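Fit chain to chain and form the complex, with the hints in mind.
Protein sequences, first through last, are from chains A and B. Under the working numbering, the first residue of the first sequence is numbered 809, with each subsequent residue one higher. Under the working numbering, the first residue of the second sequence is numbered 208, with each subsequent residue one higher.
It is worth saying that the hints were derived from the structure and are not from the lab. Computed from a predicted structure; not experimentally measured. Ideal placement from N, C-alpha and C gives every residue a C-beta, glycine not left out. Some clues are possibly wrong.
Label pairs and their computed distance ranges (CB to CB) [what the hints assert, rightly or not]: (1) B:W254 / A:A870: 30 to 38 Å; (2) B:L232 / A:A898: 52 to 60 Å; (3) A:N910 / B:T442: 45 to 53 Å; (4) B:T456 / A:T844: 40 to 48 Å.
As a plain string of letters, each chain reads:
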Amino acid sequence: MNKSHKIALISLLSLSNVSMVLPAAADPARDAILATLAEEAKKADPAFGGFSAERGQAFFAAKHTGGKPDTPSCTSCHSQDPTAAGETRAGKRIEPLAVSKNPSRFTKVDEVNKWFGRNCNSVLGRECTAVEKGDFIIYLSGK
Amino acid sequence: MVNWSVSDAHSSLQMVRVWDLPTRLFHWLLVLSVFTALLTGFLAPEWWLGLHLTAGYAIVLLLVFRFVWGIFGTEYARLSNMANATRGIWNYVRGLALLRPPHYFGHNPAGVFMIFGFLAVFVVLVVTGLMIEGGEEKQGPLAGVTTYALGHRAKEVHEVLALLVLLMIGIHIAGVSVESWLQGVNLVRGMIDGLMPRPWGYHIPTPRRARPLAAGSVILVLAIATGGALYALSTLPPLGIPPMAENATYRAECGACHWSFHPSLLPRSSWEQLLAKLDEHFGEDASLPADKKNEIARYLAAYSGESWDTEAANRFRLVSASDPMQITKTSYWVAKHRQIDPKLFQSAAVKSSSNCTACHKDADTGRFDDQRIEVPKASGP
Chain A
809 MNKSHKIALI SLLSLSNVSM VLPAAADPAR DAILATLAEE AKKADPAFGG
859 FSAERGQAFF AAKHTGGKPD TPSCTSCHSQ DPTAAGETRA GKRIEPLAVS
909 KNPSRFTKVD EVNKWFGRNC NSVLGRECTA VEKGDFIIYL SGK
Chain B
208 MVNWSVSDAH SSLQMVRVWD LPTRLFHWLL VLSVFTALLT GFLAPEWWLG
258 LHLTAGYAIV LLLVFRFVWG IFGTEYARLS NMANATRGIW NYVRGLALLR
308 PPHYFGHNPA GVFMIFGFLA VFVVLVVTGL MIEGGEEKQG PLAGVTTYAL
358 GHRAKEVHEV LALLVLLMIG IHIAGVSVES WLQGVNLVRG MIDGLMPRPW
408 GYHIPTPRRA RPLAAGSVIL VLAIATGGAL YALSTLPPLG IPPMAENATY
458 RAECGACHWS FHPSLLPRSS WEQLLAKLDE HFGEDASLPA DKKNEIARYL
508 AAYSGESWDT EAANRFRLVS ASDPMQITKT SYWVAKHRQI DPKLFQSAAV
558 KSSSNCTACH KDADTGRFDD QRIEVPKASG P
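Isolated chain B, as found in the complex (with noise of 0.2 Å):
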């Protein structure tokens, strides 16, 4: 703790670099990144998952670089040198209390607390960011290894601290900006060129250096030996999504007048009701000869909703109480298609809700990813 004037602090005190530029550079990249995870998470998850995965896969390389620079930068980037900072807690509380809060050369220790509170609530993110990519989508390092269940786990723990994330935000930058009007200097301008003001009398003891070579290589084998064990998981076949054999008899004859519905999407009792009255097919006799009916039974049976781990799959085997037969009345199905135009779906381009094919480019798949819908364009009816 020092004391100085608080009037002339940046006119007359000398400056002198805390901040080294990789750590900087580690702090806006890293507002850069979390602003666009928030953003893309919050409006839209479905249309910007590419760019949400893209900043949170950043944050995840920036996270790693800060851990390493923490052990091998500046004085004042080092996880030591902030763990010490956090002793003054007490007397920076009681000097707030006071209204004389003490000023600090370095790291102030609520603000470390912040940073603490930041990069433990980051690695929480992407951890459970991944196993959400990895369950619910069967997508990314951990789909061979994240059942669907824990996925969606994951996404209300994710989505619980990314409110807290926003609320620390506003916290953070609160602070610094009582904090550069209390002290006289202006915090955020310190983390552009990396300067503070150096206080009367204070003796800047020895800064250890950056060992930029150690702090390199030590990020060169975490990012092989990390790269390569999430590489090793992706090539897992993903959890959840059984290889399943083409049934010509199936495609053809549940195809003639719609498209053959993907098996994954109703659980079994429902597809036994459906073909139980096929000549009371929605308003239309679909009956089969009992040979063919029974092989599309044994089909749908050995591949229905139980059988998988998408998204699609565990969604829409809640289905309807009044509809049972229909993926179109699934209070998920509703839900997610809400916001659609009713119009497009009788459009040239789509003519029915359950022409799944025409917006799901990989509906035959049963995945039914987010980056694989396209919307065609409503043109005449």
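Isolated chain A (complex conformation) (with noise of 0.2 Å):
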């Protein structure tokens, strides 16, 4: 599972940034934050073997403890369907996480870690790790 040659793939792709390889809808924005993540990961884990969509699936739908009461998971503002639109607690919009649906998604290094800052916190109560973080960004560019 560790070892599918998607990995294989991602990893090859975070050392030579040949952005054609990548799943799906490929932006060298989003390698470059992918980049970055994938040498964090390597310097707290040198076994890293690369970001997996099933990971970052399962992260995305899970509930998780640790959190604020009221956002025990990140579906609880994302929806369900990544492809769909969310809504915040106060019922605002939030375009889709999906990158099919919105190419822009995990384009802006600040926007991205900033939101990885809060909702992280909200809703598992710690930062995320840079594996759970690349899992995430891989899942949802593969949507």
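Following this line, the structure appears as structure tokens:
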């Protein structure tokens, strides 16, 4: 599972930056974000073998504990279906996270860092790891 | 004072026109306007404010007309005639006490006091009304010169006088009924056809005639002068609505999860407290990098409730002691929205009580005018 060929491709990509082999809607800015995350992941765990869309999907849909009571899951606001629009707790529409629906997703590094910072704290009560973030982006890039 | 026998008043007496057409028209238009103003004022002022204001402005015009006609109108329309009639008040009171009230051709002294009372109260009502409109709502000709505090004080006077008017109308109607009964004359019909019976042997002094041309020109001059003055006043910028620069950072960052609240809706201390703990923001982490937070802090401090004199800013400055960061927990907000079905706030069209723009079309200006409230229909959850 860990050594699926998709992951191998991503690892390759993070080193060589060959955007053509990205699963969907390749974007240099998103690649750069992923590359940074991969570097971080490698630093934390030299055995890091690459990001996984399956892990990302599980993380996205899971009910977590440790965070704030009103937001147990990423799906609390982003809707169960990442290709559909979500809604904040105050009722404002959130555009879909799936890159196929919303190609500008995960392309602005400040936005990505800000929202991972906030939402991971709200949902998990801690920062997300580089692996969790990378998995999340890979999963939604393929959606 | 004249005496005549009560029984045969209408049948055998000669009917003479005392109330001229303009005076009668004035009377019934005033009835209509005052009735409209009272109704819209006491029932749901927010919803009917437009109609209330129209009625108020109509009363202004009617009053102006009446004072001019009181100088240039026919005999019994004139203020001097009415002032003369007041001299008979002691006679009238004595007669009433002895259950033999004297009869009058033209004005009855008690009636004149009532009329003067009405005119005085209406003048104060329209002036305080304009002050409320200018001070509290920041609308109308006095918006540029009336503070909220002054408008609020005017409102207290306005409300007491409105109750007084109700009382006076009651007394007026009772008085007219009793007098009609005692004199055997239908005074209400008299205010419609203008006729009154001429008592036996009563010689009508040559009445002064109307001078419509003079009246018309004075009204024209007054209308141009006051209209011009009011127009000039209304071009002044409203007091306490400072021009506010748009801040893209505030809009984007504080508008990501909900409507970016107008800075005037909370006092400075509330904004400071809110920004100090963005990581614990109403059950969510809304933290920001320091540079953006500082920019937003400066913006909110510059345009917080203290910098505004709108009704909303004045009221929401009094925050709830337990929830000082929530507009929706202030007693004013709670009181103003108590009658709204809670289900509407959760409906698809509104979603949350903090979604002010769903119902207040001018929320982005901070004004929250009554005329700009458009409550959407509750449709589905």
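Comparing the hints with the structure gives:
no.	hint	verdict
1	B:W254 / A:A870: 30 to 38 Å	violated, 49 Å
2	B:L232 / A:A898: 52 to 60 Å	holds, 56 Å
3	A:N910 / B:T442: 45 to 53 Å	holds, 48 Å
4	B:T456 / A:T844: 40 to 48 Å	violated, 25 Å
Figure legend: structure checked against the earlier numbered hints; hints not met, in rising order: 1, 4.
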